[in-house]
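Asks: Following the hints, complete the assembly by docking chain B onto the known chain A.
If you want the building blocks of each chain, they are given just below.
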Amino acid sequence: MDRSVLFVCYLCIPIQYFLAFKGYYTLLLIFIPVFMFIIIPFLLVLTGETKDIIRSMCILPTSLMLGVFGISHLALLINFPEMNSNGVSGKALLLFLIFITEANDIMQFVWGKAFGKHKILPRVSPNKTWEGFIGGVISTTIIGYFMGFLTPLNPWQLIFISSSIAVLGFMGDSIMSAVKRDFGVKDMSTAIPGHGGILDRVDSLSTTASPFFHLIYFIIIT
Amino acid sequence: MIKKLLLIFIYSFLWRNFLRIFIGLKYYNNESLRDKKQFILIANHNSHMDTMALMSAIPSRYIHRVHPIAARDFFGGSLFKKILMRYLVNATLIKRDRTDSENDPIDSMDKMLKKARSLILYPEGSRGIPGIMSNFKRGLGYLIQRNPEVDVIPVYLDNIYKTLPKGKNVILPYNCSITFGDPIKFESLEMDDILHTAEKAIQKVKES
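Top to bottom, those sequences are chains A and B.
The first sequence: position 112 = 112 (this note's numbering), numbered continuously.
For this note's numbering, count along the second sequence from 1 and bump the result up by 222.
One or more of the hints may lead you astray.
[What the hints assert, rightly or not] Cross-link-like lysine-lysine pairs, in silico, DSSO-like; alpha carbons within 27 Å at most: (1) B:K359 <-> B:K388; (2) A:K51 <-> B:K390; (3) B:K388 <-> A:K51; (4) B:K384 <-> A:K180; (5) B:K226 <-> B:K248.
Derived by calculation from the structure, the hints in this document are not laboratory data.
One chain only, chain B, in its complex shape:
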């Protein structure tokens, strides 16, 4: 309960107003999330601001049930970082590789979905080169194969990387926007088809 209030205060109030007023971020079609129970958001990833922008766009009613997925080796370095990620970002830390069968990242994400939680995923795996969509990782495919009933919503983050590029530490205003698309309909659950459809859906949101 306290965590929910904290998240609402941080994202629906502080970050949303900060991004709107000082950065000039424009939200397009984020009302479409309002009556969704459970979803996976997939977006292009170039900057740490991406997660802040996505979390600030999520309706405050169920913000505590939405978990960004973060890499444990990058964000889980120290206990302090772990607590920050757990309580202030509401993130779920996963391992990047699948060598350890006890801590399988797909299993832990799958468990979250089974508990009716929503996820924010960056299928590119890490912050890539701006403007170029790198190949999607197969984890998204496994997740959709196991949970075909969950809505997958493509999101395109335009220019947000300029407000805080990789390796920089000053946040600056730029002309940027965040656009939510319609849920993707997967025609077949083959791995390659899923990744291809997802990639095309984000491209489509970008062009709309």
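One chain only, chain A, in its complex shape:
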């Protein structure tokens, strides 16, 4: 993979967060999935090397989607005008999302440790069990229900959103652990003993942030 193309990928991070800071909703949504999806393969073509080019074309946009696009919605929550009017607070929504996602991680871990017998993904992530998953979804929904004062939602919406976050968080965790397994790293760093680094806490947020944002947006505008 050419280094200048990788440099452009790293450059996407500040650009994406600048768009989130300004609250440019549409531009933020299309910047990586549309613009970068075209620009990165073209830059790869410009380097003139066609060997393994499809591999690079696949890896780079996917990594950007996983690592940049999803998490940038956290910043958009704070700076999006429509999330900060009519008694809705973007900061409270952000707190709700992070709290629920992390609570889901912990609950799935705790239930799995306590009652886990049947493994869901024995080859990717041996710690994940059906018991942990179901217990985690139920307890996360309950926690979300009682954290509802942070959001403008009614109880049924709260239950729906909390349980979707639980399922999505499980998906994000599994995707990222498969990626890490392919790269041969277990944890990103050793900042938190037993839990890996900060980035290991973020991997479920990369899939929950964007759907949460769009669910809330849908509920607010209707």
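Replies: Okay, now just chain B, sitting in the frame of chain A:
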């Protein structure tokens, strides 16, 4: 004085923060340098970033007394390059061969040590193949034989070559680290023993 402030600004502020925040370089055990008066740092060498990483790890109090050793034929090409190396890297340029008896590289390094300066040396001689330690040059041995009282500190630079490989010009973030070891104790001052001990010390830092 101005040179010292310039070096502190460039390395202890600009490069250190740049390497920490944008490259993700991790410093291990660099506090051990804090109360050392004089030392020779020896490290593996694969990239120009190695010198930047080492200089940024040195305590700002005596950064003006630490000189990376650079090859004159590579870095001293033009006057502009020479001035850059002299003032912005604080480097000492030496010849690679010992044919000229007036400009003997060992003598000039020895003179620096006698003036209580510290040196950064790459005993491999040049940027070798990543991951493979090539044989150490004998210059390090001569230097230690003449100055056995100076602390020799092994440093291992892990993955730093990936941020700027040989022949590339784009700096990219990678998972990299710089680890400082304990001063080497030389049991005998025979040339082969010195080189062998130094090489093993860097291996040991790598594995720790």
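Asks: Looking back at the hints listed earlier, which ones does the structure fail to meet?
Replies: none
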